[in-house]
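Whenever a hint applies, use it, and build me the whole structure from the sequences.
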Amino acid sequence: MSTTTATRASALPRHSHGLAGRFAATVSTPGGAIFVLAIALLVATIVANPNFGDPGVIIRFLGRTAPIAIAAIGQYYVIVSGEFDLSMGAVIAAQVVVAGNYIGDDTGRNVTGLVLMLLLGAFIGLLNGLATTLLRVPSFIVTLAMMLALTGLVRYLSGGAADAPPNEDFRQLGRGIVEDVPVVEVIPYPLIILTVLCVAATWLMRRPFGRTLLAVGDNPDAARVSGARVWWVKTQAFILSSLAATVAGIILVGYAGVHPTVGEGYEFAAITAVVLGGVVLGGGRGWVLSAVAGAFALELLFTLLTVLEVESTWRDTVQGVIIIVAVAFAARAWTLGRRTSTRSTTPGSSGPDSPSPTTEPTPGTHTGGKLMRRTHLRGVLAGAAALVVLTACSTDDSGTDSTSGDDTTSENTGGLGGRQRVVRPG
Amino acid sequence: MDATFEGNPDEPWLQYIDGPMTDTQQYATDKPMKACFANASISNPWRQTGWITMNQQLKVLQDSGVISEMETRDAGDDDNQQIADIDYFISEGNCDAFIISPNSTAALTPAVERACETGKPVVVFDRGVETDCATTFIHPIGGYAWGIATANFLVENLEEGDKVVALRILPGVDVLETRWGAAKQIFDENGIDAVDYFTEANPETIKQIITDELTKGEVQGVWMDAGDGAVAAIEAFEDAGMELPVMTGEDEMSFLRKWEETGLTGLAPVYSNFQWRTPLLALEKIAAGEPVPTEWVLPQEPITEDQRADYLEANEGMPDGHYAKFGGEDLPGYPEVWQERQIP
Numbered sequence: 001m002s003t004t005t006a007t008r009a010s011a012l013p014r015h016s017h018g019l020a021g022r023f024a025a026t027v028s029t030p031g032g033a034i035f036v037l038a039i040a041l042l043v044a045t046i047v048a049n050p051n052f053g054d055p056g057v058i059i060r061f062l063g064r065t066a067p068i069a070i071a072a073i074g075q076y077y078v079i080v081s082g083e084f085d086l087s088m089g090a091v092i093a094a095q096v097v098v099a100g101n102y103i104g105d106d107t108g109r110n111v112t113g114l115v116l117m118l119l120l121g122a123f124i125g126l127l128n129g130l131a132t133t134l135l136r137v138p139s140f141i142v143t144l145a146m147m148l149a150l151t152g153l154v155r156y157l158s159g160g161a162a163d164a165p166p167n168e169d170f171r172q173l174g175r176g177i178v179e180d181v182p183v184v185e186v187i188p189y190p191l192i193i194l195t196v197l198c199v200a201a202t203w204l205m206r207r208p209f210g211r212t213l214l215a216v217g218d219n220p221d222a223a224r225v226s227g228a229r230v231w232w233v234k235t236q237a238f239i240l241s242s243l244a245a246t247v248a249g250i251i252l253v254g255y256a257g258v259h260p261t262v263g264e265g266y267e268f269a270a271i272t273a274v275v276l277g278g279v280v281l282g283g284g285r286g287w288v289l290s291a292v293a294g295a296f297a298l299e300l301l302f303t304l305l306t307v308l309e310v311e312s313t314w315r316d317t318v319q320g321v322i323i324i325v326a327v328a329f330a331a332r333a334w335t336l337g338r339r340t341s342t343r344s345t346t347p348g349s350s351g352p353d354s355p356s357p358t359t360e361p362t363p364g365t366h367t368g369g370k371l372m373r374r375t376h377l378r379g380v381l382a383g384a385a386a387l388v389v390l391t392a393c394s395t396d397d398s399g400t401d402s403t404s405g406d407d408t409t410s411e412n413t414g415g416l417g418g419r420q421r422v423v424r425p426g
Numbered sequence: 001m002d003a004t005f006e007g008n009p010d011e012p013w014l015q016y017i018d019g020p021m022t023d024t025q026q027y028a029t030d031k032p033m034k035a036c037f038a039n040a041s042i043s044n045p046w047r048q049t050g051w052i053t054m055n056q057q058l059k060v061l062q063d064s065g066v067i068s069e070m071e072t073r074d075a076g077d078d079d080n081q082q083i084a085d086i087d088y089f090i091s092e093g094n095c096d097a098f099i100i101s102p103n104s105t106a107a108l109t110p111a112v113e114r115a116c117e118t119g120k121p122v123v124v125f126d127r128g129v130e131t132d133c134a135t136t137f138i139h140p141i142g143g144y145a146w147g148i149a150t151a152n153f154l155v156e157n158l159e160e161g162d163k164v165v166a167l168r169i170l171p172g173v174d175v176l177e178t179r180w181g182a183a184k185q186i187f188d189e190n191g192i193d194a195v196d197y198f199t200e201a202n203p204e205t206i207k208q209i210i211t212d213e214l215t216k217g218e219v220q221g222v223w224m225d226a227g228d229g230a231v232a233a234i235e236a237f238e239d240a241g242m243e244l245p246v247m248t249g250e251d252e253m254s255f256l257r258k259w260e261e262t263g264l265t266g267l268a269p270v271y272s273n274f275q276w277r278t279p280l281l282a283l284e285k286i287a288a289g290e291p292v293p294t295e296w297v298l299p300q301e302p303i304t305e306d307q308r309a310d311y312l313e314a315n316e317g318m319p320d321g322h323y324a325k326f327g328g329e330d331l332p333g334y335p336e337v338w339q340e341r342q343i344p
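Sequence lines, in order, name chains A and B. Each residue of the first sequence is one higher than the one before, starting from 1 at the first, in this note's numbering. Each residue of the second sequence is one higher than the one before, starting from 1 at the first, in this note's numbering.
Hints were generated in silico from the structure; no laboratory data involved. Think of the CB as a built atom: it goes at the ideal place given N, C-alpha and C, for glycine as much as any other residue. Keep in mind that the hints are not guaranteed to be accurate.
[What the hints assert, rightly or not] Chain A regions said to be covered by chain B (calculated; three or more residues, Cβ under 8 Å):
no.: 1; segment: 49 to 63
no.: 2; segment: 163 to 176
no.: 3; segment: 303 to 311
Quick look at the structure:
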């Protein structure tokens, strides 16, 4: 991202010392290390079961991870601007149910349905963004409320139960493959969609919008003073996030079908992927493709547990612990990296081996002028996020032979009963 | 399932295994009763189908003057909510009879006992509670029968050492735990390599589990503790281009249709959905002062491949979430109400 800085011959950063040096510098940042972690997990999975090394298997795995990776891209925009989007999973569920209800068997509605879903996604993002920026409600609360509102809508539309999937033509977006490809046998459509979005996201982060977004996340006041429309930049980030969730929903309804649980936990998976990718909670720093790599690492971890035949009752716990360790490690890596640099950035001491993230961005990451103190905060936040993920994974509150839900026509009696409902049939 | 049932086989929702009866003469009345129904939830296709059937049965009994109205509270899968619902019925519901479909066994026991203490008839159905104070407890044979039927079917059609993936909705529910408990024992005894997963019936989870298992090695069988999501499991085999497994689902239309379309070797175990009619019909008997079985055990027969075509034909036009053995063919509104899935 920052090779141009190498032209400054007097204070050549360490990472400019040839390809190997740059590579080493890249992987030693959390944004780069996640690629190493993802590859390590892949190797571990292949060692545990060589069948997973088959190119056809790998490509199918990449295809099926596309929805989470796409959600991570969307979440990246919001997190890097200093906010959270907890409504992603509910947006996915809502879009899945809309696709089932509106499109259904009618192939004639495929295009209008697609447009409708994207418009709905953009509208949800707009609401999230405006409530956060103009009404100044913390995004944590705004998007939590949006999640609840959409979950209610999903229950109303579906009754909390499975529905018939949309027609096979529409499902191709999530289920289809390009056949007869050399080496990898097939290319799943979702992987193509993901690749396009990765290119678009990388391009967008190099555009003025992306630069402004990072500046806004790093220091909104400074960004405002320098002329950025902070409210609009953040709102756009929320719109991108909801649109990403919509695309994930379109793929998932094709891949899996219509069920109100589809998309459940995606907001936490996306946040975890982004954090694993070394993107700083609180904003201002992180590389979008590291978030994508974070999503793959996360899914590889789940697959590895399957391969190792970890018992189903234990899986959530094992997942949670590994995520905490990984995230804590990522936070630690930042701290260590920063410590070296602060030592060498004392005035007048920028020698040849002094990569100085406060002035020289490291390849593969966006660095901003953060205080050292932030690194500690970062560790705390990351740990908290991991705990949230762990709780979300292991909470099973229903205790029934059903998943979740509500009846569709009950009326709220209000009053002290709160959640009490009365249904009067007939 | 080899048990002998009293009553007309054409009306399985009124059949029962012979046993102790509750005398109900004290409740006999000529006046229409107000029924109060504390429902656990209607958050899965099985409960939705049953709820529709129950409401059509209600119409019949309202027309015949047995029941004046039924007030229903839906607990939304929440024990605390259902306890509050029952206490509300007791104190302010002005109820002549209680119908309770408990959300969970232990938690709801005290509330059901309080309902019994009112001296009015109490009908419990589906999941049970730890008290026999109810006038009648209505349920199909149960989870062990399901587990035995399905596991035996897989054992018969597989060979020793074959791999079975068991897809379970969630832990901790008695009717589901007993299904798996029975099945697992039979798999172990017969050398079937069974590995179980919790899916919450999420089709994405199901597809990923099957895909990973197929990558690890061959999978010869799929066992489910409920048919919700069966189609996703079959699709995972299709997408991977693998031979379809021997499989047990449920009598949900989506599975029956996919089963026929793919021609796989399968069995559709049944947790009799028609039991949703029985509580109201029990009230009719109670109002007439007729004895009712204290534990009203309904029949529960799996649908085999030979019978499948008949059930598909009988339920043509029904939505995917409909259950073949819903038992509402003689009720008003058939078939439109079920076809359009008008959830009251």
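To see whether the hints hold, each was checked on the structure:
{"no.": "1", "hint": "49 to 63", "in the structure": "holds (count 6)"}
{"no.": "2", "hint": "163 to 176", "in the structure": "holds (count 3)"}
{"no.": "3", "hint": "303 to 311", "in the structure": "holds (count 4)"}
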